[in-house]
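**Q** Start from the sequences, fold in the hints, and give me the full structure.
Residue numbers (the working numbering), protein chains in the order written: chain A, 1 to 342; chain B, 1 to 342; chain C, 1 to 342.
Keep in mind that the hints are not guaranteed to be accurate.
To be verified - 25 angstroms max Cα-Cα, derived DSS-like pairs, lysine-lysine:
hint : chain 1 : residue 1 : chain 2 : residue 2
1    : C       : K51       : A       : K335
2    : A       : K329      : A       : K319
3    : B       : K319      : C       : K5
4    : C       : K329      : B       : K333
5    : A       : K301      : C       : K329
6    : B       : K333      : C       : K335
7    : B       : K319      : C       : K49
8    : C       : K319      : C       : K335
9    : A       : K319      : B       : K319
10   : A       : K333      : B       : K319
11   : C       : K329      : A       : K319
12   : A       : K319      : B       : K333
13   : C       : K335      : A       : K283
Unchecked claim - To give an idea of the interface, some chain C residues facing chain B are shown, with a C-beta separation under 7 angstroms as derived from the structure:
hint : residue
14   : V110
15   : A113
16   : V164
17   : V182
18   : S185
19   : F188
20   : Y197
21   : I200
22   : V203
23   : A259
24   : G262
25   : A277
26   : G280
27   : K319
28   : A320
29   : L337
What the hints assert, rightly or not - Pulled from the structure, derived: some chain B residues nowhere near chain C, Cβ distances all over 10 angstroms:
hint : residue
30   : N56
31   : V302
32   : S321
The hints are simulated quantities; they were obtained by calculation from the structure and are not laboratory data. By construction, the Cβ of each residue, glycine as well, lies at the ideal position given by its N, Cα and C atoms.
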Amino acid sequence: MSELKLSFAEVADLVSGELVGGKAELEIRGVNSLAQASAQELSFLANMKYKADLVNTKSALLLLSMDCAVPKYSTFAFIRLNNPYLGFALLQRFFHPQMQTTALHHVSAVVDASAVIAEDVQLDAQVSIGKNVVVGARSIIAAGCVLADDVVVGEDCLIRPNVVLEQGTQLGNRVIIQAGAVLGSDGFGFAWDGQAYVKIPQVGKVIIADDVEVGANTCIDRGALENTMIGQGVKLDNLIQIAHNVEIGAHTVIAAQAAFGGSAHIGQGCQFGAQSAVAGHLKLIDGCIVGAKAGVIGDVKVKGMVSGFPAVPHRHWLKASALFNRLPKIWQKIKSLTDGEK
Amino acid sequence: MSELKLSFAEVADLVSGELVGGKAELEIRGVNSLAQASAQELSFLANMKYKADLVNTKSALLLLSMDCAVPKYSTFAFIRLNNPYLGFALLQRFFHPQMQTTALHHVSAVVDASAVIAEDVQLDAQVSIGKNVVVGARSIIAAGCVLADDVVVGEDCLIRPNVVLEQGTQLGNRVIIQAGAVLGSDGFGFAWDGQAYVKIPQVGKVIIADDVEVGANTCIDRGALENTMIGQGVKLDNLIQIAHNVEIGAHTVIAAQAAFGGSAHIGQGCQFGAQSAVAGHLKLIDGCIVGAKAGVIGDVKVKGMVSGFPAVPHRHWLKASALFNRLPKIWQKIKSLTDGEK
Amino acid sequence: MSELKLSFAEVADLVSGELVGGKAELEIRGVNSLAQASAQELSFLANMKYKADLVNTKSALLLLSMDCAVPKYSTFAFIRLNNPYLGFALLQRFFHPQMQTTALHHVSAVVDASAVIAEDVQLDAQVSIGKNVVVGARSIIAAGCVLADDVVVGEDCLIRPNVVLEQGTQLGNRVIIQAGAVLGSDGFGFAWDGQAYVKIPQVGKVIIADDVEVGANTCIDRGALENTMIGQGVKLDNLIQIAHNVEIGAHTVIAAQAAFGGSAHIGQGCQFGAQSAVAGHLKLIDGCIVGAKAGVIGDVKVKGMVSGFPAVPHRHWLKASALFNRLPKIWQKIKSLTDGEK
Chain A
1 MSELKLSFAE
11 VADLVSGELV
21 GGKAELEIRG
31 VNSLAQASAQ
41 ELSFLANMKY
51 KADLVNTKSA
61 LLLLSMDCAV
71 PKYSTFAFIR
81 LNNPYLGFAL
91 LQRFFHPQMQ
101 TTALHHVSAV
111 VDASAVIAED
121 VQLDAQVSIG
131 KNVVVGARSI
141 IAAGCVLADD
151 VVVGEDCLIR
161 PNVVLEQGTQ
171 LGNRVIIQAG
181 AVLGSDGFGF
191 AWDGQAYVKI
201 PQVGKVIIAD
211 DVEVGANTCI
221 DRGALENTMI
231 GQGVKLDNLI
241 QIAHNVEIGA
251 HTVIAAQAAF
261 GGSAHIGQGC
271 QFGAQSAVAG
281 HLKLIDGCIV
291 GAKAGVIGDV
301 KVKGMVSGFP
311 AVPHRHWLKA
321 SALFNRLPKI
331 WQKIKSLTDG
341 EK
Chain B
1 MSELKLSFAE
11 VADLVSGELV
21 GGKAELEIRG
31 VNSLAQASAQ
41 ELSFLANMKY
51 KADLVNTKSA
61 LLLLSMDCAV
71 PKYSTFAFIR
81 LNNPYLGFAL
91 LQRFFHPQMQ
101 TTALHHVSAV
111 VDASAVIAED
121 VQLDAQVSIG
131 KNVVVGARSI
141 IAAGCVLADD
151 VVVGEDCLIR
161 PNVVLEQGTQ
171 LGNRVIIQAG
181 AVLGSDGFGF
191 AWDGQAYVKI
201 PQVGKVIIAD
211 DVEVGANTCI
221 DRGALENTMI
231 GQGVKLDNLI
241 QIAHNVEIGA
251 HTVIAAQAAF
261 GGSAHIGQGC
271 QFGAQSAVAG
281 HLKLIDGCIV
291 GAKAGVIGDV
301 KVKGMVSGFP
311 AVPHRHWLKA
321 SALFNRLPKI
331 WQKIKSLTDG
341 EK
Chain C
1 MSELKLSFAE
11 VADLVSGELV
21 GGKAELEIRG
31 VNSLAQASAQ
41 ELSFLANMKY
51 KADLVNTKSA
61 LLLLSMDCAV
71 PKYSTFAFIR
81 LNNPYLGFAL
91 LQRFFHPQMQ
101 TTALHHVSAV
111 VDASAVIAED
121 VQLDAQVSIG
131 KNVVVGARSI
141 IAAGCVLADD
151 VVVGEDCLIR
161 PNVVLEQGTQ
171 LGNRVIIQAG
181 AVLGSDGFGF
191 AWDGQAYVKI
201 PQVGKVIIAD
211 DVEVGANTCI
221 DRGALENTMI
231 GQGVKLDNLI
241 QIAHNVEIGA
251 HTVIAAQAAF
261 GGSAHIGQGC
271 QFGAQSAVAG
281 HLKLIDGCIV
291 GAKAGVIGDV
301 KVKGMVSGFP
311 AVPHRHWLKA
321 SALFNRLPKI
331 WQKIKSLTDG
341 EK
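**A** And the structure:
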């Protein structure tokens with residue numbers, strides 16, 4: 001457990017909530033789930049699926065939504081706030097601050113003489129840094145990463161092990177790249193010459209804005225001519241495919257194994273479910289939501305959720321899917337009608 | 001071909017089968033497919049799709065299921081047993097024993113002074129081993145692997161090249177991790193604060209039990225608070241996504257590109273087809289089977305196979321899918337009924 | 001911008017087109033999209049979606065298909081040719097020739113004494129080359145790559161960073177492997193012994209023919225007994241799964257996140273959409289096209305496109321899908337018929 005601690009009053013302050021039923025000077029030393037929390041840990045109820053865990057939790061202090069009834073059997077104090085999940089995030093960030101740079105360059109790290117490595121950058125073992133690379137202050141390049149020529153990494157970035165940033169890739173500040181991700185691989189561009197496919201050199205870049213996170217083993221291809229662009233605050237899960245010249249608007253979140261075809265332009269504040277896919281050259285409006293496993297094959301011009309393949313408005317898909325599963329009974333009914341005719 | 005050899009009698013013994021029609025002292029020097037086997041190699045029939053290959057095989061000895069008729073034209077001896085595929089596995093393991101440790105540490109391997117490396121561990125070139133790492137006896141860490149701080153690897157493990165074990169990941173004994181896999185990457189956890197997503201520190205671990213195999217470039221995220229748990233003998237194929245706090249029961253097998261949402265709890269002895277997906281926070285009973293491309297969005301409480309999206313019992317999905325493909329004809333029939341009314 | 005240049009006449013010659021309306025001695029210094037091209041860059045119209053960009057392009061010279069009407073408002077010269085996209089590819093290859101070997105071996109590269117490295121091979125930092133590896137002339141092995149024992153790489157290959165070529169993998173000439181790809185990982189082969197899965201040693205190889213390209217983080221498993229074979233000129237996108245003993249015919253192209261089950265045999269000149277899948281042990285004829293997200297569960301014996309899951313002829317799937325989305329209305333109609341009966 002962390003040596004850090006917060007008084008109940010400090011917790012309320014940090015999460016912008018109101019303390020109810022507990023002494024302000026009592027302290028917590030960490031955060032945990034309802035089931036696992038000790039008497040010195042705060043817990044929270046953000047998903048009603050876990051409401052039953054309230055009965056047996058040992059937690060002494062609980063984050064509770066404004067609109068959630070207070071359990072009668074409660075033996076704990078609680079803090080009322082609008083968004084317990086956000087409160088949990090803020091407290092976890094207090095107790096588990098992000099990895100800080102050691103400012104050390106491991107002796108096995110290979111750095112080209114032309115690279116410009118800012119102060120307090122951490123370079124771990126077996127790293128390779130190419131020509132003209134720029135790494136901003138306090139960024140951490142973990143073991144086994146390869147930064148090819150002309151890569152630019154901003155300040156306070158965290159690049160986890162064995163990540164590859166291909167030639168020319170640019171990251172903003174506070175970008176996090178999980179292990180094994182590849183940014184700047186060649187887009188999938190070939191022209192048929194009648195006998196074989198001719199590779200089209202991919203000369204655009206990958207440009208990643210500030211505060212983006214990229215998941216493990218996710219791939220983002222460089223542009224063919226212009227750039228592939230990932231907007232500010234975008235969060236990408238693991239094993240996602242982003243083809244050349246895709247543009248993704250700020251604060252869009254994308255779940256694992258989603259795929260985006262070449263030159264797809266995605267709006268801001270969108271959400272994509274796992275294994276969803278968007279065909280190339282499409283435009284999706286700001287704020288749209290694409291369900292898990294959906295396949296979008298036309299522009300999305302209206303806010304709201306789409307599902308299915310080909311994707312349609314979610315509510316419509318729910319109805320059609322329900323009827324799909326009733327097709328055997330529907331077919332019986334149709335046959336009975338036909339038989340009735342005879 | 002291997003220098004190892006087995007007599008027909010030894011083969012029968014090793015696979016717990018009965019030799020029919022061959023001399024016990026004859027020998028084989030390896031195992032091969034029906035089509036490729038030489039007269040010194042044993043072959044087997046485990047998939048009836050390849051039955052036609054029996055005619056031309058040069059193999060002198062064949063593993064044959066108890067319930068498979070003996071081909072009349074057979075020129076080979078055979079061994080009767082319950083499960084030819086298992087027999088094939090056991091014989092291949094005799095002729096191709098798993099890679100053995102050289103007990104060498106390559107000079108380019110970087111090992112933190114605090115790490116505890118057991119006897120006879122093999123560390124290949126360009127490996128990086130962080131603080132407080134423990135590696136058990138006879139384990140092999142192949143080239144380019146990164147074991148971040150506090151990782152624990154059991155005995156007799158085989159970690160193939162460029163694998164990343166992130167901070168705190170724990171492996172049991174005899175675990176095999178194929179190349180490029182990432183275990184312990186951050187789970188995909190963010191809370192919206194009204195303006196941007198706030199990253200939730202992921203402080204749980206990945207815990208892998210004994211005898212697990214993890215496929216190439218597969219990703220297993222660490223838990224948010226508690227741990228992500230993979231049970232004994234679980235086999236994961238390539239490019240699978242396992243989100244934070246997933247639990248997978250013992251001896252479950254999962255085909256390529258499947259995805260498991262956060263906190264999904266999967267039973268023991270389950271099977272998942274390629275590109276299947278399970279939504280977060282679900283429970284799937286022991287022994288359930290999820291078809292390829294299926295999407296499970298509710299708890300599975302009954303044994304058996306489910307398919308489709310949303311997943312339903314497999315036989316039901318087969319019927320509905322067949323009718324889906326007949327929808328054009330069904331629609332004609334409905335229209336004829338309507339027209340008939342006019 | 002490149003220092004290379006081409007006269008309008010040279011461009012026409014290189015792309016086998018006819019110059020219309022421009023002076024033969026004028027020069028271009030590069031290629032760009034209609035929207036981004038300067039007056040010294042050539043542009044092209046290959047996708048009619050971007051036709052509107054013709055109005056404002058600054059490009060002085062344009063590749064235009066034979067069958068495309070000449071815009072009346074055109075201020076540029078143009079070159080008539082059959083396939084503007086191919087012309088674009090050929091010009092890009094002139095202005096951006098593929099990376100050339102430096103013929104340098106970085107001091108941090110680890111090369112086993114038994115390896116045979118041809119002249120002018122480039123070995124970048126942190127590379128690991130195992131026993132009996134052969135690398136052909138002028139090939140480039142980028143940083144962090146691992147070539148396990150007995151790997152063979154042909155001439156003029158380009159292996160991008162952190163690629164893993166597992167034991168015995170063989171590449172032809174002019175093969176390109178994007179970053180993070182894994183070739184030769186163990187196939188997913190296990191036999192149930194009544195208590196646990198027994199791993200079947202995978203002893204086949206991965207054999208890659210000439211002119212193949214493999215995308216980032218794509219996985220190709222080695223064969224169980226015989227080899228996994230990728231034919232000449234095959235192009236694989238990112239995050240694709242190719243199981244053991246798959247064979248893919250020459251000049252087949254496969255989009256991202258597709259999956260091929262064990263022993264699937266794919267013809268020549270086929271096309272696969274993103275997230276498509278083919279079950280194991282199937283045969284697909286030359287020239288077949290499999291739509292995005294399709295799931296093929298039976299042999300494909302007729303040329304043409306299939307879609308859906310289970311996959312059916314594309315036009316049939318289009319009709320059935322359209323009716324799927326009309327199921328709510330169809331159901332209303334059926335109910336009205338039933339009600340009418342009462």
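**Q** Determine whether the non-interface label on N56(B) survives the test: each CB of chain C must be over 10 angstroms from its CB.
**A** holds (15 angstroms)
**Q** Given V110(C) was flagged as interface, is its beta-carbon under 7 angstroms from a beta-carbon of chain B?
**A** Holds: closest Cβ of chain B sits about 4 angstroms from V110(C), inside 7 angstroms.
**Q** With 7 angstroms as the cut and Cβ atoms as the points, is L337(C) at the interface with chain B?
**A** With a minimum Cβ separation of about 6 angstroms from chain B (threshold 7 angstroms), the hint on L337(C) holds.
**Q** What's the verdict on K329(A) and K319(A), does the C-alpha distance respect the 25 angstroms limit or exceed it?
**A** Between K329(A) and K319(A) the Cα gap is close to 15 angstroms, so the pair holds against 25 angstroms.
**Q** Should the interface hint for K319(C) be scored as holding, given a Cβ-Cβ cut-off of 7 angstroms against chain B?
**A** The hint holds - K319(C) has a Cβ within 7 angstroms of chain B, the shortest such distance being about 5 angstroms.
**Q** Check the hint pairing K319(C) with K335(C) against an upper bound of 25 angstroms on the C-alpha distance.
**A** Between K319(C) and K335(C) the Cα gap is close to 22 angstroms, so the pair holds against 25 angstroms.
**Q** Hint check: K319(A) vs K319(B), CA-CA at most 25 angstroms. Holds or violated?
**A** The hint holds at about 18 angstroms.
**Q** Hint V164(C) vs chain B: min CB-CB distance below 7 angstroms?
**A** holds (4 angstroms)
**Q** For the restraint on G262(C), tell me whether the closest CB of chain B is nearer than 7 angstroms.
**A** violated (10 angstroms)
**Q** Quick one, are K301(A) and K329(C) close enough, alpha carbons at most 25 angstroms?
**A** holds (24 angstroms)
**Q** Between K329(C) and K333(B), does the CA-CA distance stay at or below 25 angstroms?
**A** holds (15 angstroms)
**Q** Given the hinted pair K51(C) and K335(A), is their alpha-carbon gap at most 25 angstroms?
**A** violated (51 angstroms)
Checked against the numbered hints above, the structure violates hints 1, 3, 7, 13, 15, 24, 26 and 32; every other hint is satisfied.
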